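**Q** Using the sequences plus the hints, can you model the full thing?
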Amino acid sequence: MARAKSNTPILQLDAAQTQDAVLAIKRFMEDRFELELGSFEAEELLDFFAREFAPYFYNKAILDVQSYLKERFESIESDVWALEKS
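Numbered according to UniProt numbering, the sequence shown spans residues 1 to 86.
Calculated directly from the structure, the hints in this document are not laboratory data. If you're wondering where the values come from, they're calculated on a predicted model, not measured in any experiment. Ideal Cβ placement from N, Cα and C applies to all residues, glycine included. Please note that a few of the clues may not be correct.
Claimed, not checked - In silico DMTMM-like links for lysine to aspartate or glutamate, alpha-carbon gap of 20 Å or less: (1) K60 / E41; (2) K85 / E52; (3) K85 / E71; (4) K26 / E41.
Unchecked claim - With beta-carbon atoms standing in for the labels, derived distance ranges: (5) I76 / A16: 49 to 59 Å; (6) L83 / M29: 28 to 38 Å; (7) I76 / D47: 48 to 58 Å; (8) F40 / I10: 15 to 25 Å; (9) S39 / L11: 32 to 42 Å; (10) Q19 / Y58: 18 to 28 Å; (11) W81 / A15: 48 to 58 Å.
**A** Here it is in structure tokens:
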């Protein structure tokens, strides 16, 4: 059964990060589309992206870490086997 989407973003930024992201969104929209957004609209857009897309980036990061750890554990296992005395 599919889980209902939460209104709380999986990614929570601190105040300084939010301010930087809002400014970046405002600059991007102005430069790219000649559209001036207020801070409220830019923050709403940031919240939307965090809610809708952060899970994809989060899950990708988890997969990357799992892959990295698997390689590291295999390497450690080889090192341990190399220590075995005959």
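**Q** Would you mind marking each hint as holding or not holding in the structure?
**A** Evaluation of the provided hints:
1. A distance of roughly 28 Å separates the Cα atoms of K60 and E41; the hinted pair therefore is violated under the 20 Å criterion.
2. About 54 Å separates the Cα atoms of K85 and E52, which puts this hinted pair outside 20 Å; it is violated.
3. Distance hint between K85 and E71 is unfulfilled; the C-alpha atoms sit about 24 Å from each other, more than 20 Å.
4. A C-alpha spacing of about 9 Å is found between K26 and E41, which places the hinted pair at or below 20 Å, so the restraint holds.
5. Remark: the range hint 49 to 59 Å for I76 to A16 is contradicted by a beta-carbon distance near 38 Å.
6. At about 59 Å, the beta-carbon gap between L83 and M29 misses the expected band of 28 to 38 Å.
7. Roughly 42 Å separates the CB atoms of I76 and D47, a value that falls outside the hinted 48 to 58 Å.
8. The supplied range of 15 to 25 Å is met by F40 and I10, whose beta-carbon atoms lie about 22 Å from each other.
9. Taking the beta carbon of each, S39 and L11 are about 19 Å apart, not inside 32 to 42 Å as hinted.
10. Hint check: Q19 to Y58, Cβ distance near 22 Å, so the stated range 18 to 28 Å holds.
11. Roughly 50 Å separates the CB atoms of W81 and A15, a value that falls within the hinted 48 to 58 Å.
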